[in-house]
Structure formats: C-alpha cells, structure tokens
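Residue numbers (UniProt numbering), protein chains in the order written: chain A, 1 to 337; chain B, 1 to 337.
Please note: incorrect hints may appear among the correct ones.
One copy or two, it doesn't matter: identical chains are merged, so the pair holds either way.
DSS-like, lysine-lysine: derived pairs with alpha carbons at most 27 Å apart [what the hints assert, rightly or not]: (1) Lys-184 - Lys-269; (2) Lys-215 - Lys-269; (3) Lys-97 - Lys-184; (4) Lys-269 - Lys-48; (5) Lys-251 - Lys-308; (6) Lys-269 - Lys-97; (7) Lys-215 - Lys-184; (8) Lys-251 - Lys-7; (9) Lys-184 - Lys-251; (10) Lys-215 - Lys-7.
Keep in mind that the hints were calculated from the coordinates and are not lab data.
Protein chains: 2
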Amino acid sequence: MKLATLKAGGRDGTLVVVSRDLSRCVAVPSIAGTLQAALDDWERLAPKLDAVSVGLNAGHLADAFAFDPAACASPLPRAYQWADGSAYINHVELVRKARGATLPPEFHTDPLMYQGGSDCFVGPCDDIIAVTEDWGIDLEAEVAVITGDVPMAASLECCAGAIRLIMLVNDVSLRNLIPAELAKGFGFLQSKPASAFSPVAVTPDELGDAWADGKVHLPLVVAINDTAFGCPNAGVDMTFNFPQLVAHVAKTRALAAGSIIGSGTVSNKQGDLWGSSIDNGGVGYCCLAELRMYETIEGGAAKTGFLKFGDRVRIHMADGQGRSIFGAIDQTVSRLP
Amino acid sequence: MKLATLKAGGRDGTLVVVSRDLSRCVAVPSIAGTLQAALDDWERLAPKLDAVSVGLNAGHLADAFAFDPAACASPLPRAYQWADGSAYINHVELVRKARGATLPPEFHTDPLMYQGGSDCFVGPCDDIIAVTEDWGIDLEAEVAVITGDVPMAASLECCAGAIRLIMLVNDVSLRNLIPAELAKGFGFLQSKPASAFSPVAVTPDELGDAWADGKVHLPLVVAINDTAFGCPNAGVDMTFNFPQLVAHVAKTRALAAGSIIGSGTVSNKQGDLWGSSIDNGGVGYCCLAELRMYETIEGGAAKTGFLKFGDRVRIHMADGQGRSIFGAIDQTVSRLP
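In isolation and in its complexed conformation, chain A is listed as follows (with noise of 0.2 Å):
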C-alpha cells in the first residue's frame, strides 16, 4: 500500500491511497482524513486503506484521479517526532577522517542520534529556503520509516513490527552553522532546518525483498541540477538497522505513532574511503559535505561549494524494473522572501 498527503484540506493535508505505478490516487474521507489519524487507529484501519489500494490498482475505483506530486505535502506535514540516525559509519568516518580524527570504536555499537524538530515538514517539491547562501545549504539523502506506538524498552522484535511506512528523506543541514551549534554540546536546532519526505510512504510489503534485515536493499539516487551526484545502496554499510534505530530511542521513554526515525545519509564505503565519486566509477554522494572530506582528504581542500539559490536536488529510488517507488523529493533552494 502507498499513502501520500495532499496539501490541500488543513494543517494535516488531505490522506490519499495512491497506486503502485504513482499515476492514480484516492481520498479515504470515510477510513481516514489524514495520515496520522490512520496511524493512530492502525490496527483497525490499515485492512481498510488496503482494500481501497487493491482497488485502485485493479482500476476499479471511479473516483480515483490523476496523482500529482507537486500538489503533495509530506507525508506527515507535521509530525510528534523526528529522530534521526547515522546509521551509516562510513559518513561519520569521512567527516572526521577530513579533520584528523579516529571513529571512537563504541560508534560501531551505539547509534549516533539527534532529535530533531517535526513541527513544519515542507512538502516534497517545495523550495528549500534559506536567508543566506553563507549558511552552506546541503543535503542528505536518507531513508525514514514511521512507526506505531512502541513502549519503552521494546525489544529489537517488538521495534520491528512497529514500522508501518518507509519513505525518503532529504535532511538539510546549514553546514556552516554546525561546528559552532556542536561546540556548544546541545546538539543541532538551528543548523538543522525544516526537512522534506518522499511524495508518498510505502508499507514494507511495497518493496519486496528489497525490505530485508531491517534496511532498505536499494540504491538511493541523488541529482544535483539533473546530474547524478550518488546512487549508493541503501542495505550496504548500514551500520544499524531501522529497529535498532527505533529501539535506541525507546531504551528511556515510550515512542508515539507517527515517530518518523531516520537512517541518516546513505554512505557506501566501496573498498577506501575516497574517490568514490559517478565520474570515476564509484557510487557517489548523498550529501555535498561527503564529497567536500573526499576532496579535504585527497588534496587539502574542499573544492565542491554548497547549495546556491536556484540550485536544485532530486532524490528518489526505484525498484529492479526502475519503477519509482515513493515518487521524487524534487526542490530548488531559495531565498527567503
């Protein structure tokens, strides 16, 4: 089953059941409004919005219509909680092997986290606005899923049979408002601005055996002004799987439905830990900081500047048959009016 939320119909948008090929959707008025409401009643409601999508799929639904988009929030416009990974250790490694220092080993066996804040997701081809370029815009592309209610202390099992949805993610971050946001010990607030989702969020069924062992066995594909920037695999170098991710959260405290817990940016190692870049071969980048410690490492200097206004990030994936299968988080950096 895909879900997707149209803007349109409030704070919450409007949930739509949306078909596996992405041309066609449905609203769900009588199942559920909004995409929360269907994670807050799951149990009860997810048989529900499953016949709907067996039927739109069949092409029995006479009041589908054209799926767009552009005219989608995401998926949770606003959410309770977003709490994000790095799950994979080859992006910390990088970023301090560029400034000199060793991954402490307990990074192998204790997942870096942030918190980070879920009041206003903006929609998957919205503007990522900025006030100035001098705050150094990047992206990250990663992979999120949003789970039921988990309890606290649930175990590794438990975690895994809450993920209800998988989507995309593109977590920008103001690089040059981080080391002195970090300095100060609290973690991110200012240098992580508002993120964008996927058009649409996914059940696991959705991806086949690409859903394995808690990750996603994809490669996550990123353009920058329509060139290919990076296509690594999702299932490689994950360090910590989704139901690690969620169940180290919920070691202190209980997580409510609608937590979107997120994989980080997706980091392939392939054999070293540099010259990885399309053009020569490798996977590439999921962030411009990563491509920026290849270049540090490699000649002294970073020589790739960051996102400028008018600069635009396309990030998605696609099955086997290269079918998208969340539709493309599509933005263009821009100024503050």
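Since chain A is already given, all that's left is putting chain B on it; use the hints.
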C-alpha cells in the same frame, strides 16, 4: 484564561476551560475539542474560549464540574515541537565550574537550546517511569511557553506576540546517561525521557504584572518528598527571555502553532555560586544536579543522590496572594512494570 486537557477523549484528550481558582472547569466541544485544535485556529477561537472563561469565573455555567489535576494530561499530551533553552546561565556556569571549566563568553549572547522529544508527554500527576535508578533520575523545574505560528527569521516583536500560553514543566533528566550521550556530539536523546507539564496552561494576562519583559517574575516552588527544595524567582537571572528563545529557534525555520519552548532549569545566582540551599537561607534549587554541583565545589564531591523509586517531586507557582496559578506537577518516581 486558563486551559487544561483531561485525559479522557483520545490521544489528545479533551480541552477544558478552568476557573481562575482551579476549582471548576468546563468542556468546550462546540469551540475546540483539543488544545491543539484551539492553537491551530487561535485568532478565531481564543475570544470564544475567553467568553467561556468569563462565564465560568462568574459562576454562570451550569455544565461546569470539579477540576481534578489528577485527571489531566499535559496541556498538550503530544506536541509538534519541544525545544528547551538553558536561559538561566547560572545553572550552566555551575555545571561547568564543578568540572573546572569556565563559561565561554558567547553563552551570554547565544542561547544554549536542545530539541526534545514531544510525542509522549506524561500527565502532571503521572509517575516518572524508569527502568533503573542507575540512570541518575533528576527533576528540572522550568517555565515554558506555547507559541502560535512563527515565520522563519521572525523579529523579537513577532516572537513576543506569538506567545499564546505559559505553563510549568518538569524536564526529567537521566544524569548518568548524559556524559556519554553529549560526548557523542549530537545532543540529548536517551538522557531526556518524557517531560510532564503543569495541569493548567494560562494566557499571559493571567499573570498580571508578573509577566513582564518576556519573563515570569514569580518564585518557582519545588519540593522533594514534601520538603522544600527550591523557590528561585523565574524572573531573576534569566539571561534570555522567551521572545529571544523563540527567535533563536526561528532563525532558520518556521515554528508551527503548538510549539513548546522551555526556559531551562530556573536558577538564581544569589551573589555567589554556592551555599544557597533553603536551609542556609537561600532560594534552593530546581534540580538535584545543581545541589550536587554546589556540594562538589564546596566539598570536592556530591553528597546528595539522585531520585529513588518512590520519591515524590512537586513543582508549582503561586501568585502574590499564595494562590496556585498553574496547579501542581506532582510526580512519583516508579520502576517500569
């Protein structure tokens, strides 16, 4: 106007208007079923809620009933944002002094804030639940505001005008998990379990002259196991006021209506940095960590332990005539069943 949320009625509970003396309340389903719904449409609904408040305080509402804080959820049982400052620099200075570190000068101009989890707040009279006392369970008594919508890069005036409601909070901290978590560099996650807020949230006008300069100029009263522990004035030594804290969050992103912004642990400097327990004639503390820091500075080691299962924490604030403004946070520490 005073507002509260009864637990009955679903995940977001049921909004009630509460009388000024906290004795009576009335549900307002024809205006707004939940506090979030009221905040989402505040300009239109607040006057209607205020009219109910006037009638209730005049004793004119036949459908009013006894107000029971124990039946309350936090005013927002789940929220889209909880960001907590450390506006009382004395608290930060003390923590640093105990470990031999000084306060960076920019801490006086750049607020220290963290993004907290907001999906699962507990009620004002609910237990503080933990798996083990070894986590180092501590209270943190604070003041918090709930905002309306705030645009990105909002001015201080705009942020001041967006403050809709004021309440108290117990921002529980797991002290023994903090050092390792902060050392990882991404801020608090496991070390900040579910917070609890006061039974009642009030509009700023309810505070009269005590709401001035974006601060609440009244003592915040804390007791542990019915023994007075702290009564520092929340209007004293607050380096950053609430409009400044809201503006800090809004620098790079908009805030959605219903965002909760906290003051951090209230702490008065009282001339020097130590010897200010209530027994010693001082105003005491709003967290055990602060007392332990005083003990460390004075005697080389902390003597007071953190909270134990069965311990009771009470936090409230009274007006100049001794009348409770927000009702009391009254929690007992208990082991996860």
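Which of the listed hints are broken here? Violated: hints 4, 10.
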